[in-house]
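J.: Listed below, chain by chain, are the residues.
Number of protein chains: 6
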Amino acid sequence: MKQVVTFGEIMMRLSPPLNYRLSQASSLEITYGGGDANVAAALAYLGVPAAHAGCFPDNAVGRAAAQQFQHHGVDMRHCVFQGQRLGLYFLEVGASLRASRIVYDRYDSAFANLQPEWFNWDEIFSNAQLFHWTGITPAISATAAQATQEAIAAARRLGLTVSADVNYRRNLWQYGQRAQDVMPDLVAGCDLVVCTEGDAEDLFGIKAEAGAENSFVSMSQQLIRRFPQIQQVIATRRETQSASHERIKGIAFSGGQYHETEFFDINPVVDRIGGGDSFISGFIYGQLTYPTLQEALTFATAASALKHTIHGDINLVTAAEVEHIVAGNTSGRLLR
Amino acid sequence: MKQVVTFGEIMMRLSPPLNYRLSQASSLEITYGGGDANVAAALAYLGVPAAHAGCFPDNAVGRAAAQQFQHHGVDMRHCVFQGQRLGLYFLEVGASLRASRIVYDRYDSAFANLQPEWFNWDEIFSNAQLFHWTGITPAISATAAQATQEAIAAARRLGLTVSADVNYRRNLWQYGQRAQDVMPDLVAGCDLVVCTEGDAEDLFGIKAEAGAENSFVSMSQQLIRRFPQIQQVIATRRETQSASHERIKGIAFSGGQYHETEFFDINPVVDRIGGGDSFISGFIYGQLTYPTLQEALTFATAASALKHTIHGDINLVTAAEVEHIVAGNTSGRLLR
Amino acid sequence: MKQVVTFGEIMMRLSPPLNYRLSQASSLEITYGGGDANVAAALAYLGVPAAHAGCFPDNAVGRAAAQQFQHHGVDMRHCVFQGQRLGLYFLEVGASLRASRIVYDRYDSAFANLQPEWFNWDEIFSNAQLFHWTGITPAISATAAQATQEAIAAARRLGLTVSADVNYRRNLWQYGQRAQDVMPDLVAGCDLVVCTEGDAEDLFGIKAEAGAENSFVSMSQQLIRRFPQIQQVIATRRETQSASHERIKGIAFSGGQYHETEFFDINPVVDRIGGGDSFISGFIYGQLTYPTLQEALTFATAASALKHTIHGDINLVTAAEVEHIVAGNTSGRLLR
Amino acid sequence: MKQVVTFGEIMMRLSPPLNYRLSQASSLEITYGGGDANVAAALAYLGVPAAHAGCFPDNAVGRAAAQQFQHHGVDMRHCVFQGQRLGLYFLEVGASLRASRIVYDRYDSAFANLQPEWFNWDEIFSNAQLFHWTGITPAISATAAQATQEAIAAARRLGLTVSADVNYRRNLWQYGQRAQDVMPDLVAGCDLVVCTEGDAEDLFGIKAEAGAENSFVSMSQQLIRRFPQIQQVIATRRETQSASHERIKGIAFSGGQYHETEFFDINPVVDRIGGGDSFISGFIYGQLTYPTLQEALTFATAASALKHTIHGDINLVTAAEVEHIVAGNTSGRLLR
Amino acid sequence: MKQVVTFGEIMMRLSPPLNYRLSQASSLEITYGGGDANVAAALAYLGVPAAHAGCFPDNAVGRAAAQQFQHHGVDMRHCVFQGQRLGLYFLEVGASLRASRIVYDRYDSAFANLQPEWFNWDEIFSNAQLFHWTGITPAISATAAQATQEAIAAARRLGLTVSADVNYRRNLWQYGQRAQDVMPDLVAGCDLVVCTEGDAEDLFGIKAEAGAENSFVSMSQQLIRRFPQIQQVIATRRETQSASHERIKGIAFSGGQYHETEFFDINPVVDRIGGGDSFISGFIYGQLTYPTLQEALTFATAASALKHTIHGDINLVTAAEVEHIVAGNTSGRLLR
Amino acid sequence: MKQVVTFGEIMMRLSPPLNYRLSQASSLEITYGGGDANVAAALAYLGVPAAHAGCFPDNAVGRAAAQQFQHHGVDMRHCVFQGQRLGLYFLEVGASLRASRIVYDRYDSAFANLQPEWFNWDEIFSNAQLFHWTGITPAISATAAQATQEAIAAARRLGLTVSADVNYRRNLWQYGQRAQDVMPDLVAGCDLVVCTEGDAEDLFGIKAEAGAENSFVSMSQQLIRRFPQIQQVIATRRETQSASHERIKGIAFSGGQYHETEFFDINPVVDRIGGGDSFISGFIYGQLTYPTLQEALTFATAASALKHTIHGDINLVTAAEVEHIVAGNTSGRLLR
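So the sequence lines, in the order shown, correspond to chains A, B, C, D, E and F. The numbers in the UniProt record's numbering rise by one with no breaks, and the one at position 52 of the first sequence is 52. The numbers in the UniProt record's numbering rise by one with no breaks, and the one at position 199 of the second sequence is 199. The numbers in the UniProt record's numbering rise by one with no breaks, and the one at position 327 of the third sequence is 327. The numbers in the UniProt record's numbering rise by one with no breaks, and the one at position 214 of the fourth sequence is 214. The numbers in the UniProt record's numbering rise by one with no breaks, and the one at position 53 of the fifth sequence is 53. The numbers in the UniProt record's numbering rise by one with no breaks, and the one at position 170 of the sixth sequence is 170.
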C-alpha cells in the first residue's frame, strides 16, 4: 500500500504525573506529539504505511522527538534536523470539574524557522497516496505556511488525495498574516476536511443558514460550494460532561448526504489530547478499507473513543481493536 | 482453626503502570497470583489459616513468587522448588470502553512439569478442614490433572470438605486430554462448586431447561443430580458496564433453595483480576462464620466487590472491612 | 492587604501510591497538612497574604514540613522549632465502595508540647486582619488549648475578625479536658463559625428544634443566641455517593437569612482530604472580595469542589480558576 | 534444624529516594527493620529456621511491618499486636563525604509499652536452639528490659545458646535506668557477644590494658573473666573511607585465641544499615555449619560485606552467594 | 542580620532519571536553578537572610519556579511576573568517563525581556548588606546587562558589599554586545570576585606573567590593579578525575596574600551543577562568620564539596553540616 | 551507505530498579536486547544504516520488542511475527563485590521455533555490505543454526563482509547438536571474528602454544590457519575490579600484526550488559571510517567503555561522543 504523508510540527509534551499541578511536580512525564504526526503514527498502528515530514533541532532533544515516531513505525527519513529548539507544551491533566490546562512554549522553534526548500515534495510523495495537514502548520510561521502551500500543490500535481483538519487556533497566528487570508487557498486544494461550524465561520465567514435544520449540513454545503475540490466534510460532536467523562459521535457530509454515528461514552477519560487526530486517521483508514462512508465514519469515531483511553497524543490501537469496539464490545470484558 | 489448603499454579503478573500499553512501558509492575493461591491468601487476610501447595522454579524468580504468598500469611511449606521457569502473564489494564487484555506466557512452567508424587497429601492435609482447587489446574498438564485427582481423593478420604471453581478456559487445555473427559471425575468429589450455566454446558453438556424460570437453578439441579456429592452451587452475576464500571451480585443454589444478593456497584474498578477468587474465599469464610447461606453469600459478594478496588490478584481485606460493606457502608466516607 | 493568620498543628501525611494498601507499599507519598495551615496556604494561592503560627521538631522532618508551607507562600516566621517529633498520619486512599482510611500517629508531637508563651500574639497579629483556628487545635493538649484561648483574646483585643471550624473529633480529646468544657469559651470569641448540626449537639448540646423546617437554621439561631459574637454560621452538605464520587453544596445562616448553593458534582474525587479547609478559605476570600454572602458562599463551595480534584491537603487553585467554575464551566473542556 | 529466635523492636524506615534530602522528597521509600529481627530474617535466607518475638500496634502499619518479615520467611507467630504506634526512623542516605543521617521517632512505641507476661518464653523456645538479642532492646523501656531478662533466663534454663550484640546507644536509654546497671546481668547469661572496646568501656568499665598489643584481645580477656559464661567475643573493624566506600574485617577472641579475617573492600556502598546484624547472623550460620571459628568468622564478614550492597536493613543473600565471596569471587563478573 | 540579595535568571532544569539519555527517557526530573539564585538559596540554608530579584513568565511554569525558591527560604517578593516563557535546560547526567551534557533552551525568556525600570533597587536593597551577581546575567540581553549595571550602582551608593562570579560563557553573549565591552564596567564595582585565569584572559585580556610562580596570584594582582575596588579574588581548583570523581580546593588572593585549602575528594559525585555557586555562597557566609579569610575559604570549599553530594543546583546544607566537614569528618560515618 | 545486517534473537530484559533483588521488587524495568541486534542499533546511532532480521511472537510483547529497535533506527522490515513467546531474562544488577546475576527464561521462544525459509536472504541483503552474527544464534535451535548457515552462505555469495562474535555459551546448546560440530562451518565463512583464547579452545580445540609470548596472537594465528577466510581476530581484555569498576582494552590480530589499545577505566559501571556488542559495532564503524586498524580498534574500545555508562543493552552514543573519548576527554568535564 502507498504511504500517507503528513507535515507539521512535533512538540515535547511535559505533564506532571497523574492529576498533579505543576507547582507540585518534581518530575514531568514526557511524550511527543503534533496534530499531523499523530495521524501518521495512528495510521502506522492501523497498518497503513505512513511518513512524516518535519523539522527538529539538531540536538538530543530533537533526535528523541523524531525517534519516538520511528518507534511508532512512522517513516521519518524526510525530516530535517536544523535549528535551535523544539517546541514544548506543559499539560496539567484535570479531573471531574477541573479542566486540563495547557501552557505552550513553542515560539521560535526549529519548525517555525524551516526553509520551504528543505522539503522536496516530489521525492517525499514519490510513494504516497494521500497528504494530510492541519491548520496549525500554516499558523506557525510564514515559511511553514509557504511549505504547506507547496506541499498541497505538489500533492495535487502528483494525484494524491489531500486531507486537512482546519483546526483554527486563534492564538497561534502571530507572524503577521491572518488565517482568513492564508487558509482559503490551502483548503481549496483539499478533498477531505475536518471542519466545524465554528471553524467555518471564523476562517471563511461561512455561517449556517438561520433556521437550517442541520447547521453542519448547511455549513458543509456552503463550504463545498466555495471550495469545489472538497468531497467530504467531517467532524465530531462532543458532549463533554466533565474533564473525566466525554461523549462523542461522528458526523459527515458527502455527496449531498448527511451521516452520523451513535454516541460513544467514555468514562473515565484517560487522555483527551489527540482525540481529533485519531478521528481523522480512523477516517482515512476507514476510507481505504470499507465500501461505505458510514462504515468509515463509525470506525473513525470508535477509534477516537478508544484514543481517550490511551496515554499520550497518539492512538496506539490496532484495526482489530477498533473493530472490536465497532462490533459493540464496549462493556470492557477482560480479553484473555 | 484448621487450615484451608489450595493447590495450583502461581504466575508472575506483569503490567504497565496505570493504563499504559505494553509498547509504551519502560517498566512493568509485578505481582504474583493464581486462581487457587489467591483464595488461600484472601482467607489468610480474613483470619482463616491457609496453606498452598504448588511448584516453582528453583531460582530467584520462583523464590520471589513464593515469598509473596508468605507475605500474605499463607503457609508455603508444602511447595516444591523444581523446574525451569515460572509461568507469566502480561496485563494491559483497560479503561472505560477499552477492555483489559492478557497475554499469557505460561506453557512448560515448573508447575506444568510437576510430578504427582512430590505432593504427600496425607501430610499436606494433616491439619486441614477444606481443600479448594480450580479448573485451571487440571488444564495445565497431565501430571497436574493427576495430582489434582489424588488431592481430591485424599481430601475425601480424610474427611475434608472439597470446593472447586470449575472455571473452564478453553485455550488452556492443550496437553492432549479434553476438559470434558477430565473434569467430571474431579467435580464428582466436590461438596461446593462455583459454576455458571456456560461452564456447565461446556464441561458437562448440562443445559438449563428451555423455558426454565431460573436458568441457574435449572442447571444446578441437573448438576447436583449428576454429581450428588455437591451440596452447593454458587456463582456471580456480572453486569459489566465498562472496563471501569462493574455491577455484581451473588447467586447460590443449595438444599433445593435459590439465593441471591443485591447488586453491588463498583465504579471505578481498580483491578478486576481475582474477582472470582475473592468470591469463593469470601464464601468459604462465610460458611465457617455465619449460620445461614444467605449471610455467607452476601459476605462473599461484598468481598468480591471490595476486591475490585484493590490492586493485584489478591483480596487484601479484613473480615471487618467486608462486614463494613455488608452493613451498607458503601458510600465511601473517610474512616479515621 | 493585611494577613490572615492561622494557628495549629501541621502533620506529615504518608500514603501508598494510587489506591494501594499499606501492606503492598514499598514507598509512601508524603505531603504535609493541617486543618488550619491548609486554610493559610489556600488563601496564599488565592492572593490573600497569610501567615501560620505553629510548632515543629527542630530536625530535618520538622524543617521540611515548614518549608512546604513556605513553598505555598505562607509566612512561617512565627513558627517555633522545638520538640521531638512531628505528628504523622497514614492514609490509604479508597475507591468506589472502599472508603479511604486514616491511621493517626500524632500523640506527643512537638505541637502538643508547645508552651503558650512561645507565641507573642500581639506581634504575630501586628499586620493581620483575621485569625482562623479549628477545633482540632484545642483538642491536642492543654497548652495548645491555652494558646488558642490567648490567641482569640488577643485577636479580639486587636480588632481582628475571628473565624473557626469547630470540627469536633471525639477521639482526639485525650489530655484530660472535655471538648464540652473547653470549646464554648473559645467559640464565644468568634465572628464566623463552620458548624454542623452534629457538632452543635455534641459540643454545645444544641439540637435543632423538633419539626424545624430547616435543621441548620434552627441550630444556627440557637448557636448565635448562645454566642452572640457569631455573625455567620456556615457548613457544607455532602451527598457522598462513594469514595470516588461526591456531591457538595454550601449552606449559611447570617443576618437571620438562610443561604445555600446548588450542588457541585465531583466524579471522580482525586483527594477528599482538606475539603472543609478549602471551603472556609474560599469563604474568607469571598467575604473579602464580594459584596454579598451568597457570592462568597458560592465561591467557597466551588473552591471546595475544586479541592477534591487536587492531590494533597491543600487547595492549589487561583481565584481565577475558582471563578471559572463559579461561572459554570464545569464541563472540563481543555484550556489552552 | 531447630530455630534461632530473636526478640526486639521492628521499626518502619523511611528514606528519600537515592541521595535526596528530606526537604526535597515527595515520597519516601519504606522498609522495616530492627537489630534483632534483621538477624532472624538473614538467617531465614541462609536456610536456618528463624522466629522473632515482638510487639506491633494493632493497625495497618503494624501488620505491614510484621508481614515484611513473614515475606522473608521469619516465623512471626509469637508476635503480639497491641498498642498505638510503630517506631519510625527517617534516613537520609549520604554519599562520598556526606554521611548518612538518621532522625529517630521511636519513643512510646507499641514495643516500648509491651508487658513481659505477653511472652511465654517456654513456648516460644519450644523448638529453638539459640536466642539472640541486642543491647537496643533493654534500652527501650523497663518492660522491654525485663522481658529480655526473662527471655535470657528461660533460654539458659532450656539449654539454648544465647548470643548478644551489646550495641550501646547512649541516646536510647531514657526510661530511668542506666545501661551500666541493666546490661551486666543480661550479658552474664550470654555465650557469644558482639562487643567492641568502646562498648566494653562504656558499659562495663573495661579498658584494654595500656600497652596491650591487641586492645580487642585485652578487652575480651577481661570481659570473659567478668562474665565467664561468654565463650566468644566477636566484632568488626571498619575502615570507613567515605559514605560510599567501606572496608571491613572480622575479629574474634575465643578459647584464648585471636582470629581475624582479611579486609573486604566495598565500593560503592549501597546501604550500610544492618551491616552489624548481617555479621552476627553470618557468624551464627557459620558456627552451625563450619568446623572452625575461622571459617565462621570469614563467612560472617563476607556476609556483612555483601549486605553493604543490598538495599534495606536485611541481608537478602543465600549461603551460596556468601560462599561465592568467601571463595574469592569479589571481582563482580556477571553470573549467568 | 541584613539580607544578601541576588539578581539573575532562574531556569527549569529537566534531566532524565539516573544516568539515562534523553532518547530513553519517558519522564524528566525537574528542578529550578540559576547561578545567582542558587547563592541566595544556599545562604538561606546557612541561616543568612537572602532575597532574589528576577523575572518569570506569568503562568504556572513561572510560578512553580519562583515557589521552589520560596521553599528554600528565599525572599522572592521583588520578583516580576511578566513575559512568555521560562528558560530551560536539559541535562543528561554522565558517569565515569562519560561527561554530563547540557542542552540549553533559554533564549527569549521572560528574564531576557525584562525592563530595567521594573526593579527599584533602592527598595530592593533597603534591608540588604551585600549584592551578588554573576557574569551570566549581563550575557543574556541588553536590558539584563543594564539592570545589572543599575543594581551595582545602587549597591555602591547604598554602601552594600558587591560580589560577582565573573563566569564567562562565550556562547551566551548573542545580543550584539561583547562581554569584553560590558563586563569591565560591572566588575569595576565589585569588592569580591570569583575569577579564574581563563576568565581574566578572556574578559579582560589579563594574562598571568610568564614564569610567575603562581599564575592565580599574578592574575589577581593585575586584576586588582585594574579594578581597585576589588579586595578579594577567589576561585576553586578542580582536578576532575571523571564525571563521577572530583577533587577540589579553594584558592584566594587578598591583602597581598595567597591562601589555599587542602583538596577535598568527592567520589562519587552525585550532582556537579552549582558547585561554583555553593563555593561563593559558602565564602560569603564564611566572611560574615569567621575572623580569618582562611577559615572562610575552607568553609566555602567544604560547602562546595558537600554540594557535589546533593541533587539539584542548590546546596541544601546547614552551617553545622559544613562545619562537620571542616572539622575533618569526611569519612561518612552514620550520624544518628 | 549500504546496510549492516544482523540476525538473532531479541529478548525482553527485566530488572529490578537500582540494585534491588528480585525478592524486593514491585516493578521491573524493561528493555529489549540481543547480542546481534544490539550491534545493529549501536551502528544506527553511529550513523551506519542497519537492519535486523529476527522472529517475534505475534502479540503485544513481540511488537513492543521490535518497536524498541525501530526507535533506535534499525530497519526491522525483515522481521517475522510468528510464534508464542518472547525469550526473557531477569537481571539483578550487582554492586561492588556482588556480581550481577541473570536468570534466563528463553527456551521455546518464537525465535527458537523459526523456519529457515521465512528469511529470504537475497532480499534481506539486497542493499547490504556486511552481515554480522553471534555464536548465540546457532545455539538456540537447529532451525536457527540452519538459518545462520544459509545467511552466511548468501552473504558470501553476494559479496558481503561477514563478521561474527563467536561468544560460546555452554549452557545454551541444548537442542541436540554440539557447538563443536556446528560452529566451525559457520566461522569458516567469516572475515572478522571476535574470539578469545577460551572460546577458541572450547569451540575449536585451539590452544595457544605453550610458552607463546602472546597467547592471543598464538591463538589467532592458528585460527586463521584453520579458517583462512578470517582476516581479523579481535577481542577485549577485561580487568574486572568489581561489579562497579571495570578496566578494558582492545586487542586485535590482523595481517600478521598484533594491535592493542590502552586501558580505559570505567568507575562506576552503570550497565555492563552489551559491552561486547558495542565493541564489535564500534570496530565495524571504525573500519568503515578510519584508514588504520589501530584507529578502528581504539574507536571500538572507547565505544565499549562508553557503553558501560549507558543503561540497557544498547550503546546509545554518537560517533562524535566516541571520538571525544578517543581524543582523551575521559575526565568527565561538563559539556554545555
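Calculated directly from the structure, the hints in this document are not laboratory data. None of these values were measured; they are calculated from a predicted model. Incorrect hints may appear among the rest.
Identical copies carry no separate label here, and so any pair may be met within one copy or between two of them.
Okay, derived cross-link-like pairs now, DMTMM-like style, lysine to aspartate or glutamate, Cα gap no bigger than 25 Å in a straight line [what the hints assert, rightly or not]:
(1) LYS2 <-> GLU123
(2) LYS2 <-> ASP75
(3) LYS2 <-> ASP58
(4) LYS249 <-> GLU150
J.: Next, verify each hint and record whether it holds.
T.: We went through each hint and held it up to the structure:
For a Cα distance limit of 25 Å, the shortest separation of LYS2 from GLU123 qualifies both inside one copy, at 14 Å, and across copies, at 20 Å. Taking CA atoms no more than 25 Å apart as the test, LYS2 paired with ASP75 passes in both settings, with 12 Å inside one copy and 18 Å between copies. With identical chains, the CA atoms of LYS2 and ASP58 are at most 25 Å apart between copies only, with a shortest distance of 24 Å across copies and 29 Å within one. In this assembly of identical chains, the alpha carbons of LYS249 and GLU150 never lie at most 25 Å apart, being 34 Å within a copy and 54 Å across copies at closest.
Violated hint for the displayed structure: number 4, the only one.
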